[in-house]
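2 protein chains.
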Amino acid sequence: MNQKGNITKATTKDRILEATECLLAEHGFEAVSLRDITGAAAVNVAAVNYHFGSKEKLFEEIQCRYIAPVNAERVRMLKRAMADDRVATVRDILEAFMRPLLTVVKRNEMSERLFFKLMGRCIVDGQGGLPDAMVPEFKEVARVFTNALMTAIPGIHPEVVLWRLHYTFGVMAQTLLHGELLVKLTHGACGEPDVETQFQQMIDFCHAGFLSGEGMGA
Amino acid sequence: MNQKGNITKATTKDRILEATECLLAEHGFEAVSLRDITGAAAVNVAAVNYHFGSKEKLFEEIQCRYIAPVNAERVRMLKRAMADDRVATVRDILEAFMRPLLTVVKRNEMSERLFFKLMGRCIVDGQGGLPDAMVPEFKEVARVFTNALMTAIPGIHPEVVLWRLHYTFGVMAQTLLHGELLVKLTHGACGEPDVETQFQQMIDFCHAGFLSGEGMGA
DNA sequence: TCACAATTCAAGCATATGCTTAAATCGGGT
DNA sequence: ACCCGATTTAAGCATATGCTTGAATTGTGA
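Chains as they are written, first to last, in my numbering: chain A, 1204 to 1421; chain B, 1204 to 1421.
Treat the hints loosely; a few may be bogus.
For chains that are exact copies, the list does not tell them apart, and a pair is met inside one copy or across any two.
[Said to hold, decoys possible] Taking lysine-lysine and the DSBU-like style, the derived pairs with C-alpha atoms no more than 30 Å apart in a straight line are:
| no. | residue 1 | residue 2 |
| --- | --- | --- |
| 1 | 1282 | 1387 |
| 2 | 1342 | 1282 |
| 3 | 1260 | 1342 |
| 4 | 1216 | 1258 |
| 5 | 1282 | 1258 |
| 6 | 1216 | 1387 |
| 7 | 1282 | 1260 |
| 8 | 1216 | 1260 |
| 9 | 1387 | 1260 |
| 10 | 1258 | 1342 |
| 11 | 1342 | 1387 |
Simulated from the structure, these hints should not be mistaken for laboratory data.
Using the sequences and the hints, build the whole thing.
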């Protein structure tokens, strides 16, 4: 019924989504035009407005399609680490915060590289213009992770936790978006670590950062 | 000779620069148009091309005007910390890497808030399209800081140093660009720390991150 | 005062942008 | 075979973009 038997030709709507995802990952939310999209998807300009209402709504839909499952998986992993009243370690918590990027990509047909860039863009470009529907979700994620961290690091200032979570976002965004560039700029002197290694390195860094002795006291 | 005695009316060229700096800080490199600039500066459209050649050259000039002194000050501070063959501590090095943002702003008439945002944009947006003239300078900064860190943390992998420097960029960019947003999203639950406090918190976090025991060995 | 260069200006050019429209085409159900 | 709603299409609209032009205006040195 929804499979036309034609292999290369997905629905117009899907072709638009796929093309837009790639373009956004490569060039960012500000730099992609309607005609860039319809050109890449080999689709009429009007199709975007027909299927999504407007360019902005298309972009929001893409942000939601990617961020929502990541956030859901984050909460799920955190809950699992705290099941049976266990106290999650800082490393558990950071794993739960970061790894969903890695697991969600597996369910997607996009290349890892593009997916990571797109997620980076969602964190950076998107943060000001995040779809309203997602704000409560983000607040919830921030809340449960903040609570978990305050339990895991007794005596830490709640404000310090928020800022350090913010820094963790920065570490992720920088790596997702500009990791490739670092490899190029240093002519490979930074190595070309596989994704799992990179994640562990980020977690090591942020883990130590969270445990930094400063910023303690009630 | 270059002072017309008129207080409010700087040269056309300066008015263009100032207006562009503000607009770039607020909206980013992709979203500012020629007419946004000439409108804000109350200047004819042709003036930009007359004084700067093109919109792109204007943007490059602004990037250089801000990044170059910051990078110079970074190297200067690092050299000072290593004078007389002293071994700079990790904290010295991070101070030298971050504080220049703070000292350079003082020499500028822009508001702190706008200046920080602009610097954040230079790190994030600009990193792909950095003016060619600045690439060697950046490589030099990376080189001297990497060397200093490898001396300060004996046995750390050079690749790990590069990645952790990269993370440090991310922490700075996220804070410079989106610090305001965090304050808003959390309704002030993160406090509203003054600039010096924020810098110390970033340094604490990255300091601990660099000293993380992982990633050691030759 | 006058000539000359530097600067500013209004106007316009070519192209790109997001979106709409009205007509054509498709596809399934009867 | 026919109809009708869903989808796709070509064409165009209004506006915005970066930049150029040729004329006006300004400032300066002789």
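* Asked: Which of the listed hints are broken here?
  -> Violated: hints 5, 6 and 7.
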